[in-house]
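Chemist: One-letter residues, chain by chain:
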Amino acid sequence: MSKTIQTLNWSIQPPHLYPPYVSSIKRAPNHALVPLAHTLSELTGPVYGHSSLQELDNDLTRNAIRNGEPLGERIIVSGRVLDERNQPVPNALLEVWQANAAGRYIHLRDQHPAPLDPNFTGAGRVLTDKTGAYSFTTIKPGAYPWSNHHNAWRPAHIHFSVFGRNFLERMVTQMFFPNDPLLVFDPIYNGIPDAAARERLISHFDMELTQPQWALAYRFDIVLAGSLSTPFEQDGDDDEH
Amino acid sequence: MNIKQTASQTVGPFFHNALIRDGENNLVNQHTRGERIWLRGTVFDGEGQVIPDAILEIWQADASGIYKHPTDPKHNQADPHFTSFGRAGTDKNGAYWFYTILPSARTTTPYINLRLFMRGLLIHLVTRIYFADHPSDPVLNSLEPSRKFSLIATREDNPDGLTYRFDIHMQGELETVFFDV
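Protein chains in written order, with the working numbering: chain A, 1 to 241; chain B, 1 to 181.
Do not rely on the hints blindly, as some may be mistaken.
The list that follows gives simulated cross-link-like pairs (lysine to aspartate or glutamate, DMTMM-like), each with its CA atoms no further than 20 Å apart [unchecked claim]:
{"#": "1", "chain 1": "A", "residue 1": "Lys-140", "chain 2": "A", "residue 2": "Asp-59"}
{"#": "2", "chain 1": "A", "residue 1": "Lys-140", "chain 2": "A", "residue 2": "Glu-73"}
{"#": "3", "chain 1": "B", "residue 1": "Lys-4", "chain 2": "A", "residue 2": "Asp-57"}
{"#": "4", "chain 1": "A", "residue 1": "Lys-130", "chain 2": "A", "residue 2": "Asp-221"}
{"#": "5", "chain 1": "A", "residue 1": "Lys-140", "chain 2": "A", "residue 2": "Glu-69"}
{"#": "6", "chain 1": "A", "residue 1": "Lys-26", "chain 2": "B", "residue 2": "Glu-175"}
{"#": "7", "chain 1": "B", "residue 1": "Lys-4", "chain 2": "A", "residue 2": "Glu-199"}
{"#": "8", "chain 1": "A", "residue 1": "Lys-140", "chain 2": "A", "residue 2": "Asp-221"}
{"#": "9", "chain 1": "B", "residue 1": "Lys-148", "chain 2": "B", "residue 2": "Glu-173"}
{"#": "10", "chain 1": "B", "residue 1": "Lys-92", "chain 2": "A", "residue 2": "Asp-59"}
{"#": "11", "chain 1": "B", "residue 1": "Lys-92", "chain 2": "B", "residue 2": "Glu-47"}
{"#": "12", "chain 1": "A", "residue 1": "Lys-140", "chain 2": "A", "residue 2": "Asp-194"}
{"#": "13", "chain 1": "A", "residue 1": "Lys-140", "chain 2": "A", "residue 2": "Asp-57"}
{"#": "14", "chain 1": "A", "residue 1": "Lys-130", "chain 2": "A", "residue 2": "Glu-95"}
{"#": "15", "chain 1": "A", "residue 1": "Lys-26", "chain 2": "B", "residue 2": "Asp-91"}
{"#": "16", "chain 1": "B", "residue 1": "Lys-148", "chain 2": "B", "residue 2": "Asp-133"}
{"#": "17", "chain 1": "A", "residue 1": "Lys-26", "chain 2": "B", "residue 2": "Glu-47"}
{"#": "18", "chain 1": "A", "residue 1": "Lys-26", "chain 2": "B", "residue 2": "Glu-173"}
{"#": "19", "chain 1": "A", "residue 1": "Lys-26", "chain 2": "B", "residue 2": "Asp-133"}
{"#": "20", "chain 1": "B", "residue 1": "Lys-4", "chain 2": "A", "residue 2": "Asp-194"}
{"#": "21", "chain 1": "B", "residue 1": "Lys-92", "chain 2": "B", "residue 2": "Glu-24"}
{"#": "22", "chain 1": "B", "residue 1": "Lys-92", "chain 2": "B", "residue 2": "Asp-180"}
{"#": "23", "chain 1": "A", "residue 1": "Lys-130", "chain 2": "A", "residue 2": "Asp-57"}
{"#": "24", "chain 1": "A", "residue 1": "Lys-140", "chain 2": "A", "residue 2": "Asp-180"}
{"#": "25", "chain 1": "B", "residue 1": "Lys-92", "chain 2": "B", "residue 2": "Asp-167"}
{"#": "26", "chain 1": "B", "residue 1": "Lys-148", "chain 2": "B", "residue 2": "Asp-180"}
{"#": "27", "chain 1": "A", "residue 1": "Lys-140", "chain 2": "A", "residue 2": "Asp-110"}
Chain B stretches covered by chain A per the calculated footprint, using a threshold of three residues with CB under 8 Å from any CB of chain A [said to hold, decoys possible]:
{"#": "28", "region": "5-15"}
{"#": "29", "region": "108-121"}
Just some of the chain B residues that point at chain A, by a computed CB distance under 10 Å [unchecked claim]:
{"#": "30", "residue": "Met-1"}
{"#": "31", "residue": "Ala-18"}
{"#": "32", "residue": "Leu-19"}
{"#": "33", "residue": "Arg-33"}
{"#": "34", "residue": "Gln-60"}
{"#": "35", "residue": "Ser-64"}
{"#": "36", "residue": "Lys-68"}
{"#": "37", "residue": "Asp-72"}
{"#": "38", "residue": "Ser-84"}
{"#": "39", "residue": "Leu-125"}
{"#": "40", "residue": "Arg-128"}
Hint data in this document are derived by calculation from the structure and do not stem from the laboratory.
Each residue gets a CB set at the ideal place from its N, CA and C atoms; glycine is no exception.
Could you put the whole structure together from the sequences, leaning on the hints where they help?
Modeler: This is the structure in structure tokens:
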């Protein structure tokens, strides 16, 4: 069961060491990664299904309400999870997290002097359907300052953690918004070596997906690495475990 | 026609709300088959400072060496009381722990797959945890002898039960081996 094709394309993926992102300097390994032939342990992974989710997991504007609605611009984020063969990835679990409209996370280590929103935790989950499609409702996150360099600001973004069909397809990324003037200054975004790959992390405003009198909408598709280096045909088994 | 894979980005420091759930570092219940082990360790940066904002995900076979996944031809016989997957964040001392079982391997030495995310890593890292009692394996043996030890969890005294320590060093003389899978 050895493989010849690398899963991760290093002309697309960011390196571990990217000195403009200062935290990488003491945390990136110095040795080169060691190639590893795939075994059953890489070609398997946790399987998720609808029993993994709760009713409001895909609505961040409602899953943390205490005394009212969260503040900010309501948005719908939709897209598809695909593999590199352009095939949909059904039953992918997406975990999303983000700052609130003011650019503040609910986290002890977030010291940004912007207000917390008592009705917004900024965390949600959603599963893709048979066509690989997902959708969740949230509040457009704000930009926020960080300490990487003088006057550093993160462009507004939503974090995505994705479980695909196996361990190879596991990935974590961030979705950005169109025309954000902070992107050119962001060492996390610019750690991606390929300009087209960077641009694919920017969502598209989509008028078709907006809901009149309710919410604006953005489209963001995700392509999981792994299918080109997988010797097995995936059998689309829907069993939940 | 093939399409291009999405680029990775860091988990950042603020993932706890979304990714860390109570109990996800305990893979067993009272009915799980297999020998219980505590797996614990500390994650260190290149200056020997502990890393309090890492997240570790493990994936392993059950006590019969079966992976609970349709790609494993034996998955219908997988232990229904074993989750195979675990996730833990490091605490303020850089420490993590899992309560799981010693995996059994059908064809190779038992090991646990580990995926590591943290602030400062634009893309995850992958490694494997082997066990001091079973130190021979083709993957281990293919590594430089001076680095092989970094993948072998060591037995540790613990009145609460069989315990293995697996520390992770991002850099330096003890740097952990990471794989390009």
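Chemist: Under 8 Å between beta-carbons, do enough residues of the region 108-121 of chain B, three at least, approach chain A for the coverage claim to hold?
Modeler: It holds: at least three residues are needed, and the region 108-121 of chain B offers 9 whose Cβ sits within less than 8 Å of chain A.
Chemist: Going straight from one Cα to the other, do A:Lys-130 and A:Asp-221 come out at no more than 20 Å?
Modeler: holds, 15 Å
Chemist: Per the CB criterion, is B:Arg-128 less than 10 Å away from chain A?
Modeler: Interface hint status for B:Arg-128: holds (8 Å vs cutoff 10 Å).
Chemist: Decide if the proposed pair is consistent with the structure: B:Lys-4 and A:Asp-57, CA atoms, cutoff 20 Å inclusive.
Modeler: Violated, at roughly 29 Å.
Chemist: Hint check: is the beta carbon of B:Leu-125 less than 10 Å from a beta carbon of chain A?
Modeler: Holds. Min distance 7 Å.
Chemist: Between the alpha carbons of A:Lys-140 and A:Asp-110, is the straight-line distance 20 Å or under?
Modeler: Cα-Cα ~18 Å, so holds.
Chemist: Would the pair A:Lys-140 and A:Glu-69 pass a check requiring their Cα atoms to be no farther apart than 20 Å?
Modeler: holds, 14 Å
Chemist: CA of A:Lys-26 to CA of B:Asp-133, is that 20 Å or under?
Modeler: violated, 32 Å
Chemist: The hint names B:Asp-72 as touching chain A; please verify it with the least Cβ-Cβ distance against 10 Å.
Modeler: holds, 6 Å
Chemist: Closer than 10 Å between Cβ atoms is the bar; does B:Gln-60 clear it against chain A? Give me holds or violated.
Modeler: Result: holds, 8 Å to nearest chain A Cβ.
Chemist: Taking only the CA atoms, is the gap from A:Lys-130 to A:Glu-95 under or equal to 20 Å?
Modeler: Satisfied, since the Cα-Cα distance of roughly 18 Å is no more than 20 Å.
Chemist: Check the hint pairing A:Lys-140 with A:Asp-59 against an upper bound of 20 Å on the C-alpha distance.
Modeler: holds, 13 Å
The structure fails hints 3, 10, 12, 19, 22, 33 and 35 (numbered hints given earlier, in ascending order).
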